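Assemble the complex: chain V is given as a structure, and chain E must be docked to it using the hints.
Protein chains: 2
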Amino acid sequence: MKRSLGAKSLLYPTPIVVVGTYDNEGRANAMTVAWVGIVCSQPPCIGISLRKATHTYGNILDRDAFTVSIPTEKHVKEVDYLGIASGRKEDKFSIAGLTAIRSDIVDAPYVKEFPFILECELFQVTEIGLHTQFIGEIKNIKADESILDEKGLPDMGGRFRPLLYAPEIKKYYGMGAMLGNAFSVGKEI
Amino acid sequence: MKRSLGAKSLLYPTPIVVVGTYDNEGRANAMTVAWVGIVCSQPPCIGISLRKATHTYGNILDRDAFTVSIPTEKHVKEVDYLGIASGRKEDKFSIAGLTAIRSDIVDAPYVKEFPFILECELFQVTEIGLHTQFIGEIKNIKADESILDEKGLPDMGGRFRPLLYAPEIKKYYGMGAMLGNAFSVGKEI
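For the protein sequence lines, the chains are V and E, in the order given.
Quick note, our numbering runs 1 ahead of the 1-based positions in the first sequence.
Quick note, our numbering runs 1 ahead of the 1-based positions in the second sequence.
This is chain V alone, in the form it adopts within the complex (with noise of 0.2 Å):
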């Protein structure tokens, strides 16, 4: 039996990424953002919304691009702030304990830290309503040599262990067991 819990922006699981951009004043910022997805295959673009109050919001509209930093298990404290705190009021990546490292590809930096990163272009800018959707082209992604397999693919679930954010609920989740080949699985239906 079904119940409704109304109008509501819920998704199960969230991905949950840091955004880093720069401001004017050429400051590095990181800020942690779940309304995240990726929004088309080619060009590859992922899509992040902001709300227009956010630091983040401006230093994107400046600089036409950002960076997403995927985080994994052991960050959860780091994401947790980074999406607490303002990077108007602090300098978010030095109090995390965290290095801003300068993109080769686009005008912002990345978490060094972090071992899987998208390098986007502003692509376009959809206004929503509370939220404004950034489409960010994906330039380039990098990743540490440490998370890939034998294949130059993350190993999920393995030495790759990102996050998951549960909206509502306010929880941060680790990943789980494999539990099926995709395009494969199916075939048995």
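Some hints could be false.
When chains are identical, the list treats them as one kind, so a pair holds in a single copy or across two.
[Unchecked claim] Taking lysine-lysine pairs in the DSSO-like style, the calculated list, with each CA pair at most 27 Å apart, reads: (1) K172 <-> K75; (2) K75 <-> K171; (3) K140 <-> K53; (4) K53 <-> K3; (5) K90 <-> K3; (6) K90 <-> K140; (7) K9 <-> K171; (8) K152 <-> K9; (9) K9 <-> K90; (10) K113 <-> K3; (11) K171 <-> K78; (12) K140 <-> K152; (13) K152 <-> K75; (14) K3 <-> K152.
Since the hints were made in silico from the structure, they are not lab data.
Predicted model only: the values in this text are computed from it and were never measured.
Below, chain E without anything else, positioned relative to chain V:
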């Protein structure tokens, strides 16, 4: 040390959902979608990106509505099948052994066997490239009583075990352990 992997549409983990629509003959269709994410809190909106070649693409434009049904670990085969087959050629609900229920809120069907449903009205369409993003306003959420905790929230990782997807690697995963409370653990920094 980071290695460049090139320009690819990769986000880890990626949610995986099933989009329900009616076609112009009133037949229910269900399609698995990984290019999905919440895009706005007010109004609550979700974005799904589809290729024009999909049956679902035309259905949404015809009906101005879709549902998002969130599957769980026990339906990994059905989810994979719904991503391989086309509703133009097959009655996917019937072949997968799933039940299409007409939403009482929007002009679209959802998957009865999946425990968490977003009922969406088409809000905005954004052309990007190979994929078009359909932004749906979430008019209501329906959830199985059996996955809710005593507060009426989804019992994530307990009775509610949604799937994850890893693009490129093409594998499905389950959820892991709870790692911390959001807007809380970061205050220790």
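Classify it for me, K75 with K171: is the Cα-Cα distance of at most 27 Å met within a copy, between copies, both or neither?
-> both (18 Å within a copy, 25 Å between copies)
Within, between, both or neither, where K90 and K3 count as close if Cα-Cα is 27 Å or less = Close neither inside one copy (45 Å) nor across copies (31 Å); limit 27 Å.
Taking 27 Å as the upper bound on the Cα-Cα distance, should K9 and K90 be classified as within, between, both, or neither?
-> neither (30 Å within a copy, 34 Å between copies)
Between K3 and K152, at a C-alpha cutoff of 27 Å, which is it: within one copy, between copies, both, or neither?
-> between (44 Å within a copy, 15 Å between copies)
Up to 27 Å CA-CA - K78 versus K171, copy category | within (13 Å within a copy, 29 Å between copies)
Same-copy or cross-copy closeness of K140 to K152 [CA-CA at most 27 Å] | within (21 Å within a copy, 44 Å between copies)
Intra- versus inter-copy proximity for K9 and K152 (alpha-carbon distance at most 27 Å) | between (41 Å within a copy, 16 Å between copies)
Can you tell me if K53 and K3 fall within 27 Å by alpha carbon in one copy, between copies, both or neither?
-> Neither, since 36 Å and 32 Å both go past 27 Å.
Alpha-carbon proximity between K9 and K171, which holds within one copy, between copies, both or neither at 27 Å = For K9 and K171, the Cα distance is within 27 Å only inside one copy (14 Å; across copies 30 Å).
Within, between, both or neither, where K90 and K140 count as close if Cα-Cα is 27 Å or less | neither (30 Å within a copy, 36 Å between copies)
Can you tell me if K113 and K3 fall within 27 Å by alpha carbon in one copy, between copies, both or neither?
-> Classified as between; 9 Å across copies, 45 Å inside a copy.
Pop the pair K152 and K75 into one bin, within, between, both or neither, using alpha-carbon distances up to 27 Å.
-> Cα proximity of K152 and K75: one copy only (25 Å, versus 29 Å across).
Checked against the numbered hints given earlier, the structure breaks hints 4, 5, 6, 9 and satisfies all the rest.
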